[in-house]
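A.B. asks: Full structure from sequences and hints, please.
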Amino acid sequence: MSELMKIQENLRETARKLLANGEASLVIGYALGSEVSRVVPAFISREDEVDRLVWNPLCINNLAKYLLDYRHEPGKVAVVVKGCDSRAIIRLLQDNQITREKVIILGIPCPGLINPDLVAARLDPGAQITVAAVSKQDFSLQTGEGTFTFTRDEALLKKCRDCEQHTPVIADFMLGEEIPPNDPGDPFVAVKTLEELPVEERSAYWDKQFSRCLRCYACRNVCPACTCRECVFDQAEPCWVAKANNLPENTAFHLIRAFHVAGRCVDCGECERVCPVNIPLSLLNRKILKDMKDLFNVPTPGTSLEELPPLGAFTKSDPDEFM
Amino acid sequence: MKAYTITRDNLGAWLDALARDYTLIAPVREEESVSLFKPVSGFAEINLGYTNSTVSPKGWLFPQTEEMFFFSTGGDQITLADAQTPGPAVLFGLRPCDIKGILALDPVFNGAYQDCYYQKRRQDTILVGLSCTRVERDCFCTSMGGGPTDGGGADLLLTEIDGGYGIEVLTPRGEKLVNRYQQYFDADRENRVIPAREELGKKLAGHFTRNVDTTGLKEFLDQHFELPYWGELARRCLGCGICTYICPTCHCFDIFDQSPDGESGVRSRCWDSCMFSHFTRMAGGHNPRPTQKERVRNRFLHKLKYHRDRYNLDGCVGCGRCVTRCPVNIDIRQIIADLQEVARHE
Numbered sequence: 001m002s003e004l005m006k007i008q009e010n011l012r013e014t015a016r017k018l019l020a021n022g023e024a025s026l027v028i029g030y031a032l033g034s035e036v037s038r039v040v041p042a043f044i045s046r047e048d049e050v051d052r053l054v055w056n057p058l059c060i061n062n063l064a065k066y067l068l069d070y071r072h073e074p075g076k077v078a079v080v081v082k083g084c085d086s087r088a089i090i091r092l093l094q095d096n097q098i099t100r101e102k103v104i105i106l107g108i109p110c111p112g113l114i115n116p117d118l119v120a121a122r123l124d125p126g127a128q129i130t131v132a133a134v135s136k137q138d139f140s141l142q143t144g145e146g147t148f149t150f151t152r153d154e155a156l157l158k159k160c161r162d163c164e165q166h167t168p169v170i171a172d173f174m175l176g177e178e179i180p181p182n183d184p185g186d187p188f189v190a191v192k193t194l195e196e197l198p199v200e201e202r203s204a205y206w207d208k209q210f211s212r213c214l215r216c217y218a219c220r221n222v223c224p225a226c227t228c229r230e231c232v233f234d235q236a237e238p239c240w241v242a243k244a245n246n247l248p249e250n251t252a253f254h255l256i257r258a259f260h261v262a263g264r265c266v267d268c269g270e271c272e273r274v275c276p277v278n279i280p281l282s283l284l285n286r287k288i289l290k291d292m293k294d295l296f297n298v299p300t301p302g303t304s305l306e307e308l309p310p311l312g313a314f315t316k317s318d319p320d321e322f323m
Numbered sequence: 324m325k326a327y328t329i330t331r332d333n334l335g336a337w338l339d340a341l342a343r344d345y346t347l348i349a350p351v352r353e354e355e356s357v358s359l360f361k362p363v364s365g366f367a368e369i370n371l372g373y374t375n376s377t378v379s380p381k382g383w384l385f386p387q388t389e390e391m392f393f394f395s396t397g398g399d400q401i402t403l404a405d406a407q408t409p410g411p412a413v414l415f416g417l418r419p420c421d422i423k424g425i426l427a428l429d430p431v432f433n434g435a436y437q438d439c440y441y442q443k444r445r446q447d448t449i450l451v452g453l454s455c456t457r458v459e460r461d462c463f464c465t466s467m468g469g470g471p472t473d474g475g476g477a478d479l480l481l482t483e484i485d486g487g488y489g490i491e492v493l494t495p496r497g498e499k500l501v502n503r504y505q506q507y508f509d510a511d512r513e514n515r516v517i518p519a520r521e522e523l524g525k526k527l528a529g530h531f532t533r534n535v536d537t538t539g540l541k542e543f544l545d546q547h548f549e550l551p552y553w554g555e556l557a558r559r560c561l562g563c564g565i566c567t568y569i570c571p572t573c574h575c576f577d578i579f580d581q582s583p584d585g586e587s588g589v590r591s592r593c594w595d596s597c598m599f600s601h602f603t604r605m606a607g608g609h610n611p612r613p614t615q616k617e618r619v620r621n622r623f624l625h626k627l628k629y630h631r632d633r634y635n636l637d638g639c640v641g642c643g644r645c646v647t648r649c650p651v652n653i654d655i656r657q658i659i660a661d662l663q664e665v666a667r668h669e
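Chains as they are written, first to last, in the numbering used here: chain A, 1 to 323; chain B, 324 to 669.
Please keep in mind that the hints were generated in silico from the structure rather than gathered at the bench. A virtual CB, placed ideally from N, CA and C, is assigned to each residue, including glycine. Take these hints with a grain of salt, some might be off.
[As the list claims (entries may be wrong)] Derived CB-CB ranges, DEER-like:
1) Q663/B with Q235/A: 40 to 48 angstroms
2) R343/B with P248/A: 29 to 37 angstroms
3) F296/A with Q663/B: 50 to 58 angstroms
4) P198/A with Q442/B: 41 to 49 angstroms
C.D. replies: What follows is the structure, encoded as structure tokens:
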């Protein structure tokens, strides 16, 4: 049995026990979606539904944010997290958005995910993945029609290319063998390339990106660092950013959002993944991430529960040249 | 109806001429896997190989942000001034589903209630359709009464044929446009344009990977407003506006004023989304659609029931955009299938 399938078994058994003994009232995980290339967030509250839970390289969504929807429930909620998603759990804990005692973290060491578009291009949409495996070289997906192999270089999902932690940094149940962090190289290559451009070119680059923003707010809604009860962009009075869709307002939206999550963005890559018009939002957030690292010498936010967000904590060694 | 042919070279020259004489709106490849309808200055900017633009072309007739009028106050007087309107335009390269999308907007803005802004743009805009040559994986127009080569509703319909394009004239306005640029066209002497399009339509009809059946669904929904299904579906909804903003038939808007000095400014309207929590929030704070369940239900009832109640038209044209872009796989095709299943068990 592949490691992925062992994890899936383990996940279903763990979920079954948690629901059976009443320890959890809900398990948030992944289930098959409307097509072979799609997996959906699933909300399982009955034992007889746990076999809907799947673990395969298409389990892309960061499920941590759904915890906010259930924070006032009386029972405990269990949630499936990958390495990147687990940083979001720490984000929510540090921001006092969720209570540690009320969350059961089902950690899955994730070897990397596959670009669903490539799966959709090769597999029959109605097929069902029965077995999945990931090796250092490739992804392999088995359906009723055979086994399909994708080379890792070509098929690895963009947000996984600079993966920092395959294994969750926090978990109550670790459902698979720990995967040591690999050296992803320099995650800031693209940021540095852009930084080196003259200011006019940098400005033109972002103007082109922001001008096609639809202001659908998918980036905000999916973001585990965006937890305000009333978002500044939804306020009518005072109106900080107008509803009008144009370059100045769109730019204001993106820059304000980037600064609001500065030092709190866990670099999960979901904002960029969900953007319907492919705005490279990770590049924007990573610029701030890079500055934070340069200024405060801190790990990526959410890496450790003890490491407080540098802009949310005070130490005597903080740089104070602006004072 | 008359048909013509045009060579590839002449098509380029014709589009350059259209860009000179009209505001020409056409599909542009903006980024990898992002194509948008935008004003262009000539053929070179246009990407006719696109299958489905990322955002529907409705934005030309119903812009995301549209200035309605300017106002200024002085003493006890208020002075209003019209906003600028764009004038004659050609919306070029519309896929058949998007033409149907415009037909679904017409009775909203141009029916019993005449919306002067939409009406003006609609009147001033010539619609040139373009038959599909490929079926994308999320396309399901044939399930919603359309088809990849059904250009009904456009003024002209282009179809790729050997050596160039065939052009069918569908309205007198289309005829006038062809006549104005007749030097670029050849008469369809061998009568090959219509058969070629029909042949293409038949071929593509077999390429749809998923068909849905809405038979009886509206009647079921007429009787069943409360279904546990909506609550289940809404749990994963992020409450973003992707589906509504890229949709060719969604048409909700908000009206707002911008006035830096409080004395003069502009009143505009902009797209709004029933997926947003504040969409139905009232001044006193009450929200009649308090959770995502009510919002998700509203959107799909609008597509599958309300639009049909009001205009006897489907509120969905099967373009598949929302299916492709929804980050949590809320798939209207699956919803239709699921609701049919729910109906069978009622």
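A.B. asks: All hints, please: hold or fail.
C.D. replies: Right, here's what the structure says about each hint:
1. Checked against the given bound of 40 to 48 angstroms, the beta carbons of Q663/B and Q235/A, roughly 42 angstroms apart, stay inside it.
2. The supplied range of 29 to 37 angstroms is met by R343/B and P248/A, whose beta-carbon atoms lie about 30 angstroms from each other.
3. A beta carbon spacing of about 56 angstroms between F296/A and Q663/B agrees with the range 50 to 58 angstroms that was offered as a hint.
4. At about 47 angstroms, the beta-carbon gap between P198/A and Q442/B stays in the expected band of 41 to 49 angstroms.
In this structure, none of the earlier numbered hints is contradicted; all agree with it.
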